[in-house]
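What follows is the residue order along each chain.
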Amino acid sequence: MNVPMQQSDATVPTDELATESAQRPPRGLPFWANPRLGLLAVIVVLVLVFSSLRSSFLNTDLTLVPMQQDLSVFLVVGLAQLAVLSLGHMNLAVPRMAAISAFAMGWCYQHLSVPLWLGLVAGLIVGAAVGALAGWIISATGVNSFVVTLALDFALVGLVSLLYSHIGDGVAFAAHPAGMNTLRNDTFSDYCAGNVCGPPVPLIVPIALLAAVLVALLFRLSRVGREILMTGSNARAARLSGIPVSRRVVQAHALSGTLAALAGFLLAINSGAFSADIGNSFLLPSFLGPVLGGTLLSGGAVSVLGTIFGAALTEVIRTGLNLLNFSVQDLNIYIGLVLLVALSLDRVRHVLAERRGSRA
Amino acid sequence: MRITRFPRGQRALGISVAVLTLAMVATGCARKSNAQGSSTSGNGLAPASVKIAYVPGGPHPYFQPWKTAMNQAKQDFSLGGVTFNETSGWDQTKQNNVLQSLAAQGYNAFGVFGVSPDNINSTFQQLEGKHLTVASLGSCPAGNTDAASFCLATDVQTAAYRAAVAAIQAMGGSGNLVHLTGNKTDSNTQRRIAGVQKAVDETGGKVKLIQTITDIDTDLQTAQKAVADLLGAKGKQINGIVNTAYNPAVASASAVKQSGLPIKVIAIDDDPTILSGIKDGSVAATVVQNPVGQAYVGGYALMKLAGGCTMKTPGQTIDSGSFVVTKSDVATYDTKRQDETKQLKTDFDSKYLSCK
Numbered sequence: 018m019n020v021p022m023q024q025s026d027a028t029v030p031t032d033e034l035a036t037e038s039a040q041r042p043p044r045g046l047p048f049w050a051n052p053r054l055g056l057l058a059v060i061v062v063l064v065l066v067f068s069s070l071r072s073s074f075l076n077t078d079l080t081l082v083p084m085q086q087d088l089s090v091f092l093v094v095g096l097a098q099l100a101v102l103s104l105g106h107m108n109l110a111v112p113r114m115a116a117i118s119a120f121a122m123g124w125c126y127q128h129l130s131v132p133l134w135l136g137l138v139a140g141l142i143v144g145a146a147v148g149a150l151a152g153w154i155i156s157a158t159g160v161n162s163f164v165v166t167l168a169l170d171f172a173l174v175g176l177v178s179l180l181y182s183h184i185g186d187g188v189a190f191a192a193h194p195a196g197m198n199t200l201r202n203d204t205f206s207d208y209c210a211g212n213v214c215g216p217p218v219p220l221i222v223p224i225a226l227l228a229a230v231l232v233a234l235l236f237r238l239s240r241v242g243r244e245i246l247m248t249g250s251n252a253r254a255a256r257l258s259g260i261p262v263s264r265r266v267v268q269a270h271a272l273s274g275t276l277a278a279l280a281g282f283l284l285a286i287n288s289g290a291f292s293a294d295i296g297n298s299f300l301l302p303s304f305l306g307p308v309l310g311g312t313l314l315s316g317g318a319v320s321v322l323g324t325i326f327g328a329a330l331t332e333v334i335r336t337g338l339n340l341l342n343f344s345v346q347d348l349n350i351y352i353g354l355v356l357l358v359a360l361s362l363d364r365v366r367h368v369l370a371e372r373r374g375s376r377a
Numbered sequence: 007m008r009i010t011r012f013p014r015g016q017r018a019l020g021i022s023v024a025v026l027t028l029a030m031v032a033t034g035c036a037r038k039s040n041a042q043g044s045s046t047s048g049n050g051l052a053p054a055s056v057k058i059a060y061v062p063g064g065p066h067p068y069f070q071p072w073k074t075a076m077n078q079a080k081q082d083f084s085l086g087g088v089t090f091n092e093t094s095g096w097d098q099t100k101q102n103n104v105l106q107s108l109a110a111q112g113y114n115a116f117g118v119f120g121v122s123p124d125n126i127n128s129t130f131q132q133l134e135g136k137h138l139t140v141a142s143l144g145s146c147p148a149g150n151t152d153a154a155s156f157c158l159a160t161d162v163q164t165a166a167y168r169a170a171v172a173a174i175q176a177m178g179g180s181g182n183l184v185h186l187t188g189n190k191t192d193s194n195t196q197r198r199i200a201g202v203q204k205a206v207d208e209t210g211g212k213v214k215l216i217q218t219i220t221d222i223d224t225d226l227q228t229a230q231k232a233v234a235d236l237l238g239a240k241g242k243q244i245n246g247i248v249n250t251a252y253n254p255a256v257a258s259a260s261a262v263k264q265s266g267l268p269i270k271v272i273a274i275d276d277d278p279t280i281l282s283g284i285k286d287g288s289v290a291a292t293v294v295q296n297p298v299g300q301a302y303v304g305g306y307a308l309m310k311l312a313g314g315c316t317m318k319t320p321g322q323t324i325d326s327g328s329f330v331v332t333k334s335d336v337a338t339y340d341t342k343r344q345d346e347t348k349q350l351k352t353d354f355d356s357k358y359l360s361c362k
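Protein sequence lines correspond, in order, to chains H and S. For the first sequence, my numbering begins at 18 and goes up steadily by one. For the second sequence, my numbering begins at 7 and goes up steadily by one.
Since the hints were made in silico from the structure, they are not lab data. Even glycine gets a Cβ: it sits at the ideal position worked out from N, Cα and C. A portion of the hints provided could be inaccurate.
[Unchecked claim] Now the in silico label distances, taken between C-beta atoms and shown as ranges:
| # | chain 1 | residue 1 | chain 2 | residue 2 | range |
| --- | --- | --- | --- | --- | --- |
| 1 | H | 163 | S | 319 | 49 to 55 Å |
| 2 | S | 87 | H | 65 | 24 to 30 Å |
| 3 | S | 267 | H | 158 | 43 to 49 Å |
| 4 | S | 180 | H | 160 | 47 to 53 Å |
[Claimed, not checked] No more than 20 Å apart at the CA atoms, straight line, and that leaves these computed lysine to aspartate or glutamate pairs for EDC-like:
| # | chain 1 | residue 1 | chain 2 | residue 2 |
| --- | --- | --- | --- | --- |
| 5 | S | 38 | H | 170 |
| 6 | S | 100 | H | 78 |
| 7 | S | 136 | H | 207 |
Next up, chain H with everything else stripped away, as it sits in the complex:
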């Protein structure tokens, strides 16, 4: 469903690198072979199926708005993982990077009474610092990112718990800075100029979209982003090409930490409190969105648009199955089955497209 970067690509000029090849089908294939288009088609089909089975699937207040709120969080969680998948690394500490950043934000709101944006900045800095630490350990020791971030996650589990017990207020901060409830409860439809009101889109959605756009711009247009991808594709070739590989590893992990912190902030806004359990449910969705969307686990190619669609697909499936009243045992089985079918169809479509392309 995606096109991996060829090893030889590492030697071509930076602006020829393969971010675009991950976004588009190989030359000669029909337009419908674009993996992102396939994912979008699966989402559209599922929306049609679910809304025909349950009309409440299209209920604005009770289904569509909450879906967008959750999607915003899981999109940013997916981007946090994507940032290191670009290197061919993993960040198993995404959940706890979110948790420790949420602690920092909550502490700032509770004890320093800072405005919402300033607490967010403090949390992002903490997230970036923890991410950079992970990146530095990986590049300095050469130990696999899986091991380093797993160990870091364990360490942070204990640290977060200790921080809440000794410095925090038990297991959560009660502070609600000005604007937090507005950001949580309002949609653009609550704001009108005369008789014209905005769409029923929650206020946190633009924050997640902005993060997605910035990450896409980073990997598509900036030298740093392209060098990170080149490092992910072939670190040795990247080093021989003069790319500061260690620095790029640290930067990619710092970006992952920053995005994990942003996801923690968005979840705290959605759930209404900065608490110790922020991030507990982040690990699986962090991989699901990017991998479904075509980001390679081996590094060298990322797809932000695919991550958006991947996160949306899982959200649509879960909401649809919830509305169809699946039991707890059935729910996970069917989520797995639907994902498997979606991925298989996508693969079948891509193979068909390749055959058609080779015949042409």
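Given chain H's structure and the hints, the job is docking chain S onto it.
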């Protein structure tokens, strides 16, 4: 970051500018007045129009009696419908999704065991803002306020205190005690820890709390491993184990019995393993809760509130009862619990609800 070229990014840049503009325009616009109100005043629904959803935090044996009790409530109070949904999987985000989905399906009253006591008030506020009737059942929100109409739950601190007192009595008033409990980041666990500590403090140093083990209520296997490790390391020093979570209780009851160590085990709830342990003397006592009463009386109160009654004190916390059961009353404790349930229903009519 250094941008090397822009041509392909113009569209993406355009999107980001549009998003920002939208946000700025929105904040510049006038906000519509908030017409949403609290549903604590009720919706004037007839019982046949009231559909109650019981939503535990996730799958757990504790909630299984809710199913029988809710069907009994449906029959006794002629409710329009009841459902039980445990798909939240101990994840607050998923629980919020489940609640929204059930509301979209037409359920208009909710008995909720919130996954995260610290966040659940926000969820309650959101549901009440949509004119739905909400009660917290089995677990109250953290802090001193409850955004739901009422909380009908075990007073966990008192129950833990009673369990610890029973353990200390079984130990003969002195010795080393261990406390096994659930998720440390749950404020209810903090209350349980405080309850046990209070009982230990009252002994004036005769009883020492040598260890509190948290986070072992996720499943029975985790609890069994933790208890095996505990008995292997400190089995001979321990005189009593007080459990304030279900899985550790089942695990410690069978592990202590198998090991033959003279440890007094105080369990929680009335799992068949625990009841048989009390009968054969391997479990000194258990603290049983009242999940049937929570679901049955909770359903009754939700029906009344949806019908137009109001709580005299909105957000009031009501103890659903906890009882120490020993060998002497293991055969009769359920009668006591049924009496407590009847009393709770009477109390709602006479003390807590205001109906015109």
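Each hint, compared with the structure:
| no. | hint | in the structure |
| --- | --- | --- |
| 1 | 163(H) with 319(S): 49 to 55 Å | 53 Å, holds |
| 2 | 87(S) with 65(H): 24 to 30 Å | 28 Å, holds |
| 3 | 267(S) with 158(H): 43 to 49 Å | 45 Å, holds |
| 4 | 180(S) with 160(H): 47 to 53 Å | 50 Å, holds |
| 5 | 38(S) with 170(H) | 44 Å, violated |
| 6 | 100(S) with 78(H) | 17 Å, holds |
| 7 | 136(S) with 207(H) | 15 Å, holds |
Violated hint for the displayed structure: number 5, the only one.
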